[in-house]
Amino acid sequence: MTQIAEPTSNGLIPARVNGGLFLQGFAGSAVLLLAIDATAPLFFGPGYFAGLTYHPFWIVILLAAVQHGLFVGLSVVGLAALLMDWPTRPLGVDITAHYADIATAPAQWLLVALIVGLYRQHQLRNERAIRQSNARLQQVNQTLVGEIRRLDSYVTQTEQMVAIAGSAPNSALLSALDALARADASRRGECFVAAARLCLPGPGAWLAMDGIACTVAAATQPDLHAEIIPPDAVAGDNNWHTLAQDPPALCAAIRAKDTMVGLIMVQTADAGGYEVTMDALRRALQDSLRNDRNVPVLRLDRPKRQLTYAVN
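Here the sequence shown is numbered in my numbering, starting from 29 and rising by one per residue.
Hints were generated in silico from the structure; no laboratory data involved. Note that the Cβ used here is the ideal one computed from N, Cα and C, for glycine as well. Be aware that a few hints might be false.
Stated by the list, open to error - Pair ranges (Cβ atoms, derived):
(1) 49 to 125: 39 to 47 Å
(2) 72 to 94: 23 to 31 Å
(3) 113 to 151: 28 to 36 Å
(4) 160 to 124: 47 to 55 Å
Make a model of the complete structure from these sequences and hints.
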């Protein structure tokens with residue numbers, strides 16, 4: 029079962045500022061400051077903004093702090109102070125009083141950017157935490173969907189095995205499938221033939237992957253010869269598909285470790301009620317071909333008999 033790692037509390041919200049967002053906000057605010065600073069000598073004359081009660085830079089500083097938070101707001105205050113049109117000291121005015129007077133506006137910018145920026149920074153952290161929580165919930169949702177599908181597949185396989193056990197007239201079918209599932213390479217062909225004669229509604233064959241085509245590896249009739257079938261002629265799922273050839277045939281993919289390694293073919297146009305046994309034969313052959321013996325198995329016990337199916 030998939031395990032979902034719990035995020036640590038100190039890693040949920042990064043303390044460092046996102047560099048990309050900081051540069052984007054600072055660059056946009058800097059462009060506005062430069063544009064405002066360039067309009068003074070062009071339209072109003074030098075020193076016009078210094079005589080205003082509220083400097084136009086207030087607009088940019090408030091926008092930067094409200095939209096991008098503390099760090100961008102403070103950076104814009106520093107740039108605005110550098111671009112500010114500092115008036116010259118009049119004659120007879122004390123130098124300390126002069127610079128204290130003209131520094132009032134930058135000090136106000138700094139204070140407002142600090143207060144508004146801290147509040148906005150708190151909002152940004154909350155929004156980031158909500159986005160991370162939503163992303164984790166989506167991951168949990170996807171994991172639950174996968175587990176539900178896996179359980180549905182398990183229930184379907186169990187129902188099919190119960191149907192086989194209930195409909196078999198004797199233990200010969202179960203024994204043949206069990207022998208095929210346990211067969212090694214030396215006995216796989218003869219075990220497949222024995223099981224296929226009980227599970228298939230017509231002549232059938234196991235077609236092994238041979239390079240770029242599938243050729244007959246074992247058949248229920250010695251004279252059964254199938255055409256060379258390319259692997260892409262049949263979908264690599266768990267369903268049976270009609271094969272366009274003469275005589276008509278049904279075909280299903282054989283997979284090991286999610287890789288297509290061959291086909292099962294039966295020369296009939298209709299399963300005719302053999303769907304369950306046909307699928308049981310396909311899974312038993314897959315168990316025999318599967319190299320990984322650590323795959324969990326589901327066993328159906330009978331007196332002196334044991335039927336094994338791998339859970340996909």
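Hints, one by one, checked against the model:
1. 49 to 125: 39 to 47 Å: 41 Å, holds
2. 72 to 94: 23 to 31 Å: 27 Å, holds
3. 113 to 151: 28 to 36 Å: 34 Å, holds
4. 160 to 124: 47 to 55 Å: Because 51 Å falls inside the window, the suggested range holds.
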